[in-house]
Amino acid sequence: MPIIDQGYQHWSGELSGHTWRWLAVTRQGIKITLRNRFLRYVLFAAWVPAVALVTILSAWGLLERKSSMVSTFIQFMRFMNPGVVADPRYYRVDIWRLSYGYFLHFELFFSMILILLVGPSLISQDLRVNALPLYFSRPLRRLDYFVGKLGIIVAFLGMVLIVPAVVAYIFGLLFSLDIRVIPDTLGILLEVVAYGLIITLSAGTLILALSGLSRNSRYVALMWLGLWFVSSVVSSVLEGVYHQQMRYAAYAQTPQIQESPLGSDHNAAKTRHDWVAWQKSQAAYRAAMLHDRQTDWRPLISYTGDLSRIEDHLLGLNDAWRKLAKLEPSITARNRLLAQYTGPQFPWYWSGAVLVFLFGLSLCILNLSIRSLDRLK
Amino acid sequence: MPGSDESILFELSGVTKTYGAITALNDLSLRAKPGAIGLLGPNGSGKTTMIRTLLGLIDTDAGTGRVLGMDVQKHQLDIRRKIGFSPEDECLFPGVAGIEFVAYAGELVGMKNKDAMQRAHEVLDYVGLGEVRYRKVESYSSGMKQRLKLAAAIVHDPKLLILDEPTNGMDPAGREDMLHLAHDLAHHKNMSVLFSSHLLPDVEAVCDYIIVLGAGRLLVQGDIATLKAAHNRCFEVRLKTDTEIFAREITSMGCVVRQQGEMLLVEIPPSGSLAMLWQAAARHQQQIRHLRPQRSTLEEVFLNAMEHV
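For the record, the sequence lines run as chains A and B. Residue numbers for the first sequence follow numbering that gives the first Met the number 0, so the first one is 0 and each next one is one higher. Residue numbers for the second sequence follow numbering that gives the first Met the number 0, so the first one is 0 and each next one is one higher.
These are computed hints drawn from the structure, not numbers from a lab. One thing to keep in mind: the hints can contain errors.
Said to hold, decoys possible - Restraint ranges, calculated between C-beta atoms of paired labels, are given here:
no., chain 1, residue 1, chain 2, residue 2, range
1, B, Pro-41, A, Arg-214, 27 to 37 angstroms
2, B, Asp-88, A, Cys-363, 20 to 30 angstroms
3, B, Glu-306, A, Gly-359, 30 to 40 angstroms
4, A, Leu-22, B, Asn-167, 29 to 39 angstroms
5, A, Leu-189, B, Ser-12, 49 to 59 angstroms
6, B, Ser-6, A, Met-158, 51 to 61 angstroms
7, B, Gln-117, A, Asp-177, 23 to 33 angstroms
8, B, Glu-266, A, Leu-367, 25 to 35 angstroms
9, A, Leu-367, B, Pro-41, 28 to 38 angstroms
10, B, Glu-137, A, Asp-177, 52 to 62 angstroms
11, A, Arg-214, B, Ser-6, 19 to 29 angstroms
What the hints assert, rightly or not - The list that follows gives simulated cross-link-like pairs (lysine-lysine, DSBU-like), each with its CA atoms no further than 30 angstroms apart:
no., chain 1, residue 1, chain 2, residue 2
12, B, Lys-227, B, Lys-158
13, A, Lys-30, B, Lys-144
14, B, Lys-32, B, Lys-188
15, B, Lys-111, B, Lys-158
16, B, Lys-188, A, Lys-30
17, A, Lys-325, A, Lys-279
18, B, Lys-239, B, Lys-188
19, A, Lys-65, A, Lys-30
20, A, Lys-30, B, Lys-227
21, A, Lys-30, B, Lys-239
22, B, Lys-73, B, Lys-158
23, B, Lys-81, A, Lys-30
24, B, Lys-158, B, Lys-188
25, B, Lys-158, B, Lys-32
26, B, Lys-111, B, Lys-135
Claimed, not checked - To give an idea of the interface, some chain B residues facing chain A are shown, with a C-beta separation under 7 angstroms as derived from the structure:
no., residue
27, Lys-81
28, Leu-91
29, Tyr-139
Please read these numbers as outputs of a predicted model, since none were measured by experiment. From the three backbone atoms N, C-alpha and C, an ideal C-beta is built for every residue, glycine too.
Next up, chain B with everything else stripped away, as it sits in the complex:
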């Protein structure tokens, strides 16, 4: 039986996967700890291929990988027993009611009939589909189908839940519910979540850690809080009156200034200090109404990372 390293959720080392002339993963190496992990990247960046690699569904051209301590090329079935996967596309087992759908998903993982059915009732209640459990899945709305896929993915209580674009096609209320469920599972139910999405607010709402892929390569990875940490020499400044004279003054002192709405984004030179701003304001009799260190948004982190593609 493969050994497992509890501190590593999954790791890939030098993984390359090509489809003909297209390189989906290009010498990808990364490592992630248990928790809520966001997987970001534009279309064609290799997110889905990476997920399939983790599930052991594809043979890679080069490199190795481990998930939950198990080799992705040698222990695919064992890995899939411990992973729940909710695919991006609309996928259904045809001709069944919601409860049968989830129970069947459990049986396919290896649960006994009775256990699968009992557990299906529990998880359908959890995802909020308890009232419609006996309805045919074909009659479900898009949002209900997404939640049904989530229920099917967690029926066997996996260690790692992979959600591929889970809020696709959902209305705002449904999206909110889905994010709440994913967040709850990741933060209160001790289940690691790999959350793949294009929607940065969704990732931010659920995850603590992000992996950004571009052109099959790792661009950025790290704690969201760290990536969004306050900058040492960048500040947001808002004045009571006209900012133009103030901006000219501090630019002449060596600061880099950008206008963002009513706000000035000021980068102080290495030789300078925050006192420069107070002195410039005093000289021109300006009132500083707002002054705080600048923080990056996730969008900025993402866009900065994309510049390296």
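Next comes chain A alone, as it looks inside the complex:
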């Protein structure tokens, strides 16, 4: 017998409790996923809108203080209504809301890309290499496994949705040097964080459910693309057709114009028909469209459209645009601005119901697809 047996040593360390066991799954998943170089590029690109947000909020802070640093740039801000620039503090909350709205709009796109890169392999790869017995023969519950996998999605989406939003908020505060900014805008930050969590939870459970349906990550990626891209395209096409019908209907009600001036012979139409009548029909179309946005269900078909509707509601983006639209001199100009910038205005809970349904469906799929070891091959 050797004097010192180095072959096998007993281990007498402490094992942690079960509460944070899921964290091991998350940590390992992040470590493996970050080895994907393309993913790192996407993460880097996803921070560009965040830099833009930081810049805008900081610049707005300087504008509120009438800082000489921004006086040089005022001339470049002519696209904004002079009324807004003249009284930036009054429009602070609205500008912050809209800035965060645009930021989240871009980040939603990057989030979908990130999920496409991170999500499909999360469970499908474990199914393919038969890793589930390794997990569940250890002190790990199915819930720990799912939460651990969801944690990977949360970490990556948090990096592009929540962390930059918080960083931008801090910069906005620092550059405003006004304590009243906090009560004015803290709610916006909380709404952004809540929206980030909604995206994360909804998209995270959805991709996990899809990932649990197949052993092949490519099929899962295709399913995700279908859900995201195809649903958006179908929704857009339906909306486009519907708007076209509305446009024709608006023109038909104007006796001077019998066909759309926006057809192939756009310029010719304008020269043939009375310009004022055309403008009236345009205004009628916009008014009808604005009115119809309150009941138009077509954006519901798009998954990202549903998320955006929740964003509009949480951040009050349509209200912010309405406030800015009041600066416009005429109803026509006001409607033009609103038609251009406001989104769908159907009840937000329609989208909420769709997201809740998808969430419930995802949980059911996860529950059925990943059973404990007695259901495994």
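Using the hints provided, position chain B relative to the given structure of chain A.
Below, chain B alone, put in the same frame as chain A:
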């Protein structure tokens, strides 16, 4: 905290588990003490279901069970903290090197990062994968994957190690290494081992005790040495010359004789004694070259048990 009875490794009492029309475990009751235990049985005999029951992975239809003093239905997670399990199938955590695989297995049990990594290095050295620890596990051979699973199962120094068909797909040298490791852990490292296998020589090489299952029921259990104990009235006899006349003679004296190669297997009647054989040999001027009490092989024990299915 559940109490523990050090003298009992695990026990099952009246456990029944059905999958639809199939009864995987049929009123199974058994008890095992710490040590190296072989779990034998043909395909579909309920070995894997029994292992899953011990791990608390399945809900049984009836019966109770305790492992390391803990109830299998109430303390599944606590049980799994103290058990190391190496599954039969090829299972991998994808996209990791060997060292990360084992460290991750440790973290899943609850080890801290640093401890898990340090311990992973130690156990990989122990199972002989120290040289390939930084290679991706997908590139490992079948034998290396089996040893990797063993390393992952013992990373947290479990009290009970369950090996499900650990020599599957291994070449003879790899198989020998695996058996040596299992034997070493069971006999020199104070770790109880439940060794499930179809291969009787493997079980015999590692274990001191066997449990034989058939059709979900317990057929035989006991110390291998006892089960293979010498028979009182059965002897192996080999003669120098022709055995036919000798066999006829002792058969006429009431012995039961079977030919096994050059050897005769002789069962003496209850009223007889060993002297019968010497007298018969002397009468026919035969030389007895080999005479010893017959011992059962593990294969015979197994086959005898299977006759009761």
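Consistency of the hints with the structure:
no.	hint	in the structure
1	Pro-41/B / Arg-214/A: 27 to 37 angstroms	holds (30 angstroms)
2	Asp-88/B / Cys-363/A: 20 to 30 angstroms	holds (27 angstroms)
3	Glu-306/B / Gly-359/A: 30 to 40 angstroms	violated (55 angstroms)
4	Leu-22/A / Asn-167/B: 29 to 39 angstroms	holds (33 angstroms)
5	Leu-189/A / Ser-12/B: 49 to 59 angstroms	holds (56 angstroms)
6	Ser-6/B / Met-158/A: 51 to 61 angstroms	holds (54 angstroms)
7	Gln-117/B / Asp-177/A: 23 to 33 angstroms	violated (53 angstroms)
8	Glu-266/B / Leu-367/A: 25 to 35 angstroms	violated (59 angstroms)
9	Leu-367/A / Pro-41/B: 28 to 38 angstroms	holds (32 angstroms)
10	Glu-137/B / Asp-177/A: 52 to 62 angstroms	holds (58 angstroms)
11	Arg-214/A / Ser-6/B: 19 to 29 angstroms	violated (45 angstroms)
12	Lys-227/B / Lys-158/B	holds (28 angstroms)
13	Lys-30/A / Lys-144/B	holds (22 angstroms)
14	Lys-32/B / Lys-188/B	holds (16 angstroms)
15	Lys-111/B / Lys-158/B	holds (19 angstroms)
16	Lys-188/B / Lys-30/A	violated (34 angstroms)
17	Lys-325/A / Lys-279/A	holds (20 angstroms)
18	Lys-239/B / Lys-188/B	violated (48 angstroms)
19	Lys-65/A / Lys-30/A	violated (46 angstroms)
20	Lys-30/A / Lys-227/B	violated (53 angstroms)
21	Lys-30/A / Lys-239/B	violated (73 angstroms)
22	Lys-73/B / Lys-158/B	holds (19 angstroms)
23	Lys-81/B / Lys-30/A	holds (27 angstroms)
24	Lys-158/B / Lys-188/B	holds (10 angstroms)
25	Lys-158/B / Lys-32/B	holds (12 angstroms)
26	Lys-111/B / Lys-135/B	holds (23 angstroms)
27	Lys-81	violated (9 angstroms)
28	Leu-91	holds (4 angstroms)
29	Tyr-139	violated (12 angstroms)
Checked against the numbered hints above, the structure violates hints 3, 7, 8, 11, 16, 18, 19, 20, 21, 27, 29; every other hint is satisfied.
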